[in-house]
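K.L.:
With the sequences and hints as input, model every part of the structure.
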Amino acid sequence: MGEIGDLQVDSCLIFAATSFWLTPASYLAILKVVLGLGFVIFVHELGHFLVAKMCGVKCEKFYVGFDVPIQLFGRTIIPGKLFSFTWGETEYGIGSIPLGGYVKMLGQDDNPGNVEEQLAGSLAEGESADSAILESGLVDQSKLDPRSFLAKSVLQRMMIISAGVVFNLIFAILFAALAFKSGVDYEPPVLGNAIGSGPAWKYDLTGADVLAIGDKKVEGYFPFMNFVEAVIFNGAEKPIPLTYLPHGETEPKTIEMFAEKGFNREHPDLAMVGIQSGQIPKIGDEVTIKGLPASRATPPLMKDDVVVEVNGTPIKNDIDLRQVLARDAAKVANFVLERTTGTDESSKTEKITTSIEPTPFRDFGFTLKWGKVGAIKLDSPAAQADLRVGDEIVSINDQPRGDLMTLDMRMIAKVESGSPVVLQVKRGDDVMDVSITPVVPKLFANVGPGTPIAIDSLGVAIKPTLIVETVVPSSPADKAGLKTNDSFVFLDYLLSEIQLEDDRYTGIKKTEGAPKVKFNEGVLKTTWGEVYANILQTMEIGTEIEVTVKRGEQEKVVKMASVVSEEFFQPTRGFYLQTLQKNYKSDTWSDAFTNGTYQVGKDIKRVGTTLRKLIGGEISPTKLGGPGTIALVATSEASQSTSRLLLFLTFLSANLAIVNFLPIPMLDGGHMMFLIYEGLFRRPVNEKVQMILTYGGLLFILGLMLFVITLDIGRISAW
Numbered sequence: 001m002g003e004i005g006d007l008q009v010d011s012c013l014i015f016a017a018t019s020f021w022l023t024p025a026s027y028l029a030i031l032k033v034v035l036g037l038g039f040v041i042f043v044h045e046l047g048h049f050l051v052a053k054m055c056g057v058k059c060e061k062f063y064v065g066f067d068v069p070i071q072l073f074g075r076t077i078i079p080g081k082l083f084s085f086t087w088g089e090t091e092y093g094i095g096s097i098p099l100g101g102y103v104k105m106l107g108q109d110d111n112p113g114n115v116e117e118q119l120a121g122s123l124a125e126g127e128s129a130d131s132a133i134l135e136s137g138l139v140d141q142s143k144l145d146p147r148s149f150l151a152k153s154v155l156q157r158m159m160i161i162s163a164g165v166v167f168n169l170i171f172a173i174l175f176a177a178l179a180f181k182s183g184v185d186y187e188p189p190v191l192g193n194a195i196g197s198g199p200a201w202k203y204d205l206t207g208a209d210v211l212a213i214g215d216k217k218v219e220g221y222f223p224f225m226n227f228v229e230a231v232i233f234n235g236a237e238k239p240i241p242l243t244y245l246p247h248g249e250t251e252p253k254t255i256e257m258f259a260e261k262g263f264n265r266e267h268p269d270l271a272m273v274g275i276q277s278g279q280i281p282k283i284g285d286e287v288t289i290k291g292l293p294a295s296r297a298t299p300p301l302m303k304d305d306v307v308v309e310v311n312g313t314p315i316k317n318d319i320d321l322r323q324v325l326a327r328d329a330a331k332v333a334n335f336v337l338e339r340t341t342g343t344d345e346s347s348k349t350e351k352i353t354t355s356i357e358p359t360p361f362r363d364f365g366f367t368l369k370w371g372k373v374g375a376i377k378l379d380s381p382a383a384q385a386d387l388r389v390g391d392e393i394v395s396i397n398d399q400p401r402g403d404l405m406t407l408d409m410r411m412i413a414k415v416e417s418g419s420p421v422v423l424q425v426k427r428g429d430d431v432m433d434v435s436i437t438p439v440v441p442k443l444f445a446n447v448g449p450g451t452p453i454a455i456d457s458l459g460v461a462i463k464p465t466l467i468v469e470t471v472v473p474s475s476p477a478d479k480a481g482l483k484t485n486d487s488f489v490f491l492d493y494l495l496s497e498i499q500l501e502d503d504r505y506t507g508i509k510k511t512e513g514a515p516k517v518k519f520n521e522g523v524l525k526t527t528w529g530e531v532y533a534n535i536l537q538t539m540e541i542g543t544e545i546e547v548t549v550k551r552g553e554q555e556k557v558v559k560m561a562s563v564v565s566e567e568f569f570q571p572t573r574g575f576y577l578q579t580l581q582k583n584y585k586s587d588t589w590s591d592a593f594t595n596g597t598y599q600v601g602k603d604i605k606r607v608g609t610t611l612r613k614l615i616g617g618e619i620s621p622t623k624l625g626g627p628g629t630i631a632l633v634a635t636s637e638a639s640q641s642t643s644r645l646l647l648f649l650t651f652l653s654a655n656l657a658i659v660n661f662l663p664i665p666m667l668d669g670g671h672m673m674f675l676i677y678e679g680l681f682r683r684p685v686n687e688k689v690q691m692i693l694t695y696g697g698l699l700f701i702l703g704l705m706l707f708v709i710t711l712d713i714g715r716i717s718a719w
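Sequential numbering of the sequence shown, starting at 1, is according to this note's numbering.
A couple of the hints might just be wrong.
With a Cα cut of at most 25 Å, we get these calculated BS3-like pairs of lysine-lysine [unchecked claim]: (1) K518 x K369; (2) K238 x K605; (3) K238 x K602.
Here are the computed distance ranges between Cβ atoms for each label pair [to be verified]: (4) T353 x K518: 40 to 50 Å; (5) V308 x V422: 36 to 46 Å; (6) K372 x E540: 16 to 26 Å.
By construction, these hints were calculated from the structure, which means they are not laboratory data.
Ideal Cβ placement from N, Cα and C applies to all residues, glycine included.
P.N.:
This is the structure in structure tokens:
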């Protein structure tokens with residue numbers, strides 16, 4: 001996330017993905033991914049191949065990819081194999097369908113319906129299928145070719161079947177060890193922006209350094225995502241113990257915090273605490289948001305510029321930067337930047353000064369009625385003033401309370417005076433005065449899907465209603481015919497032709513037949529606060545919206561365009577910051593393999609927990625990813641560094657090992673299940689039963705593949 005709230009998280013990712021594929025420098029990353037994913041498949045099949053050879057089984061084929069030709073109307077449009085050669089008794093090749101690989105062994109066939117062909121291919125010279133089948137229905141192994149798969153003992157066949165998984169795990173450790181020895185960049189568990197009213201916001205965890213999660217100390221290589229996963233896997237039913245060092249303090253704190261669901265639009269069923277990773281005052285890859293003041297800075301901002309001073313205030317971290325921009329929201333921000341140019345051998349650092357104009361609020365000329373206080377931040381001005389959940393602020397200093405969306409900036413403007421603000425608060429049937437002293441917040445909380453608006457200067461979270469409270473005379477809302485007590489129902493963005501061509505609006509472009517945005521409906525309820533703060537404030541002045549309101553028993557449609565507010569300014573200027581990064585590098589191979597083994601164990605646990613939660617219904621199957629998602633994530637990791645790609649391949653190898661060993665016919669785990677039965681009962685599974693189970697497993701796998709590929713297409717089509 002950048003210095004300013006993005007248009008939408010999805011839009012930001014879409015823009016990043018689009019620009020990534022258009023960057024020539026990313027082609028090397030794509031090549032790394034192709035080789036890396038191919039190697040993971042190769043390693044799995046190599047395990048089967050080597051152990052089969054060790055057990056004396058003849059291997060007829062060794063393929064990465066499937067060599068099945070693609071035909072259309074009887075004509076081959078894609079050949080079955082891209083490349084092949086024969087060495088000794090084995091044909092080696094690369095198939096044209098990149099969805100796995102296989103080793104073809106003499107007398108081995110995944111299809112139990114081909115049992116006769118399988119047996120025929122396994123017979124010793126001069127033997128017949130009739131002579132090889134005993135009266136009991138079992139196969140007389142003495143009649144089989146000693147180099148066939150069927151001629152081997154149950155234990156040997158188990159070794160061959162399990163070898164792929166074992167090799168995946170061995171090479172997963174190797175991948176991770178190589179990554180740790182060469183050095184891994186990662187996002188440490190230093191916490192950044194919180195979602196207003198969420199658990200992390202209530203405990204004021206912004207800027208905190210996580211020290212321990214339960215009994216697990218945070219040390220060595222421990223990325224931010226480990227913290228996120230610990231929260232998700234802990235769930236929302238029990239508290240998660242957390243030890244952390246608050247921002248700017250020297251003594252750690254320990255709390256027990258309940259996670260909550262609904263903070264992520266893409267993953268509403270996951271328990272989270274509503275927090276992002278930390279950032280640094282260094283300009284990010286996308287640099288600025290088009291149309292906002294930072295994009296007009298002269299001289300312009302550049303990627304990797306380090307902000308060292310703003311309006312005379314030294315900047316040591318992102319919180320320093322945001323506090324200055326909040327304090328001086330209505331002023332020109334004079335930046336001092338450190339800019340490094342040249343290569344490593346001839347690089348030089350110079351100081352650059354530039355100015356960025358204020359960012360006025362986009363105004364429509366109406367306010368909505370406020371809801372009640374929904375949450376209070378611990379140790380905040382609101383907590384100290386004894387404001388309570390359920391209170392309603394009815395006026396401020398005996399004046400109308402105004403627009404909830406500008407309340408934070410109005411309170412910050414009063415900080416310099418040091419004088420308290422008197423809120424008139426309705427509590428039950430009583431109205432009382434509450435004296436409160438605002439502060440300049442560390443960071444402004446994000447507005448989540450359906451969450452209240454956090455007023456960080458006070459430490460309260462209030463959800464706006466959808467009922468119009470005031471309409472400013474001669475404003476766009478007034479000219480459009482909006483009336484007091486109108487209730488918002490639908491919203492539509494009326495994008496201009498220029499905006500329709502802009503990639504950053506991809507997430508809100510209206511396609512033909514798509515419904516309008518409906519407020520307060522669905523699992524994640526869209527609110528006016530989310531639309532106003534996350535989307536409208538980043539769009540160009542003059543952007544039109546169409547609002548359907550309910551007036552009495554009728555619905556009316558009003559169209560209005562945003563104008564510049566002459567009174568209120570945003571605490572942001574429209575540039576992106578970089579995520580805080582650290583580098584972990586093992587000094588010895590012993591440490592690298594220790595960390596690699598731990599990482600693989602953690603990845604196995606992660607996959608196992610995810611499967612358990614999928615089966616238990618705690619995680620929706622729609623969160624699964626197919627080949628397209630794997631390729632996109634892998635390419636993104638490869639673009640960061642080879643070490644990041646190696647760690648992703650570590651996870652993918654562990655994933656492949658666990659999933660492939662599930663007791664599902666057609667997978668290695670299914671074969672192992674049949675072999676365990678044969679070993680226990682001294683006879684193979686009944687042919688008909690085996691056939692039914694295998695075809696059932698095949699249908700399940702094909703259905704799952706179709707499902708995840710459909711999900712991939714849905715995700716990619718949005719780009």
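K.L.:
Which numbered hints are broken by the structure, listed smallest first?
P.N.:
Per hint list: single violation, 6.
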